[in-house]
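Asks: Spelled out, the chains give:
Protein chains: 2
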Amino acid sequence: MSNCNTCPSAATCSSKDAGTCTIEFNPNNNIKKVIAVMSGKGGVGKSTVSVLIAKKLREKGYKVGILDADITGPSIPRLLGIKDKRATGNEEFIFPVETDDGIKAMSLNFLMEDENQPVIWRGPIITGVVQQFWNEVLWGDLDYLIIDMPPGTGDVALTIMQSIPITGIIMVSVPQDLVSMIVAKAINMARKMNINVLGVIENMSYIVCPDCGKKIKLFKGDTEKFIKDLGVELLGEIPMNEDMNNLELYNENKDNISKIFEPIINKILEKVNG
Amino acid sequence: MSNCNTCPSAATCSSKDAGTCTIEFNPNNNIKKVIAVMSGKGGVGKSTVSVLIAKKLREKGYKVGILDADITGPSIPRLLGIKDKRATGNEEFIFPVETDDGIKAMSLNFLMEDENQPVIWRGPIITGVVQQFWNEVLWGDLDYLIIDMPPGTGDVALTIMQSIPITGIIMVSVPQDLVSMIVAKAINMARKMNINVLGVIENMSYIVCPDCGKKIKLFKGDTEKFIKDLGVELLGEIPMNEDMNNLELYNENKDNISKIFEPIINKILEKVNG
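So the sequences go chain by chain: A and B. For the first sequence, the numbering used here gives the first residue as 1360, with consecutive numbering after it. For the second sequence, the numbering used here gives the first residue as 1360, with consecutive numbering after it.
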């Protein structure tokens, strides 16, 4: 059932008047804003950024959920430190798994007996699962649902952009020209689908040598040129360090992480609500 | 047309006697061995490893091709330093692009006017393109065809495993438990499909501080346990450094790269031919 009154994309939506909207809403869910985290390229830290956004929003008192749309390579359960939990359901709904700090999460790995086993499925089945994660999971009341997108600009990305009302999308990149090229593809895809690109978060920007303290640039990409060419905003830079690599230990490293991520989350909130 | 006599998988194939083989061969191609490079996880260096294997085999005098099966995130043209070339074709064939050192390559980006534009295609179209890259590209005589697989265990991976005769598959990982879990999925998928897993190459194992020379471990994954649990061989470790990050400058860094990759390629050749 499409419902423009409660739709997070109503403000920018063009299909409302045309009557072409195909988004389905579960009447038991009330999700105010949907933020998608994408890259196009794999392994750049989409899931890490998704979890950081969720944690920070939760700390600010918001009701938060994470939908892990990377069906064949799900990372969210481990990063949230709840990899051994399993989702339950009844005839009507799937119940999301909840972290100790109250973030609701849904991932394919919550439905697998053994997380090492692959799902060898064709596209239509995978996209069907993502739609179920949106529609049949009992998210309840959420201020923010974060969607961790799969790599690539294929089936699943397309389905999410068509069938979930995304308030805005954040692109994750690393400062390497090869990666920027593929992130550019993702930005162009989002724009073709009329989705608001909130900006780019640059991950793995540098590491700090634990012995001599030198800030080592890992890659030599021209971030400034990339940002300018694509006409997007740089929301912030994240270093590659132990704190960021081990989000399972988030609580122990909270202060260090906050120094880096607090300005980024504030920019995101401004963009999404401003 | 299936042809067991010239098939690179004939030795280990179980569908020969059962008559269930669905692999098609282009009679104008004669490809002796097919090595697939996979990971399951994105961004771990599959394309880098694919190009390193191709370069080293070429240096040893073999006829080599690379098929970039990552249709929505193609990296091969840039890594080979031929991103501005375009593929041509006639009514019958697509002609691969050739590097100065004589490696034949086919990638979706060779067919795009602008490499920044995404292909927003559903699964069946993407898998169709990969099959065309195998069947309709005029590879001619090749000793080795290297296939750079896309991330994930979805459609494209499945199609390649079903419709291309893979001699052996190499898994690329990084020493991070989250990644190992997803690489385990890929290994289990390959085994389910009766594909010979040659071993694992560990990428981003460490970096060396340019100031003080300290070897910095970037991640804290337990590689030994992962290798043992999965019953696979570690073919070698690759550091994260400028030489490896800028394969476009391969010729300038050849000696440094050789020190690291020569033992790895020799192990691969032993596995594939032994």
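Heads up, a few of these hints could be off.
Claimed, not checked - When the alpha-carbon atoms are kept at most 25 Å apart in a straight line, the in silico DSS-like pairs for lysine-lysine are as follows:
(1) A:Lys-1574 <-> B:Lys-1576
(2) B:Lys-1579 <-> A:Lys-1576
(3) A:Lys-1574 <-> B:Lys-1442
(4) A:Lys-1587 <-> B:Lys-1579
(5) A:Lys-1584 <-> B:Lys-1574
(6) A:Lys-1626 <-> A:Lys-1419
Unchecked claim - Heads up, incomplete: computed chain A residues facing chain B, CB under 7 Å, no partners named:
(7) Gly-1402
(8) Ile-1619
(9) Pro-1622
These are computed hints drawn from the structure, not numbers from a lab. Predicted model only: the values in this text are computed from it and were never measured. The beta carbon of each residue, even a glycine, is placed where N, CA and C say it ideally should be.
Asks: Now look at each hint and say whether the structure bears it out.
Replies: To see whether the hints hold, each was checked on the structure:
1. A:Lys-1574 <-> B:Lys-1576: Satisfied, since the Cα-Cα distance of roughly 15 Å is no more than 25 Å.
2. B:Lys-1579 <-> A:Lys-1576: Measuring from Cα to Cα gives roughly 20 Å; hence the hint holds.
3. A:Lys-1574 <-> B:Lys-1442: Violated: Lys-1574 of chain A and Lys-1442 of chain B sit about 31 Å apart, past 25 Å.
4. A:Lys-1587 <-> B:Lys-1579: Violated, at roughly 36 Å.
5. A:Lys-1584 <-> B:Lys-1574: violated (32 Å)
6. A:Lys-1626 <-> A:Lys-1419: It holds: about 14 Å lies between the C-alpha atoms, which stays within 25 Å.
7. Gly-1402: holds (2 Å)
8. Ile-1619: For Ile-1619 of chain A, the interface hint is violated, since the closest Cβ of chain B sits about 17 Å away, which is over 7 Å.
9. Pro-1622: violated (25 Å)
Of the numbered hints given earlier, the model fails hints 3, 4, 5, 8 and 9; all others are met.
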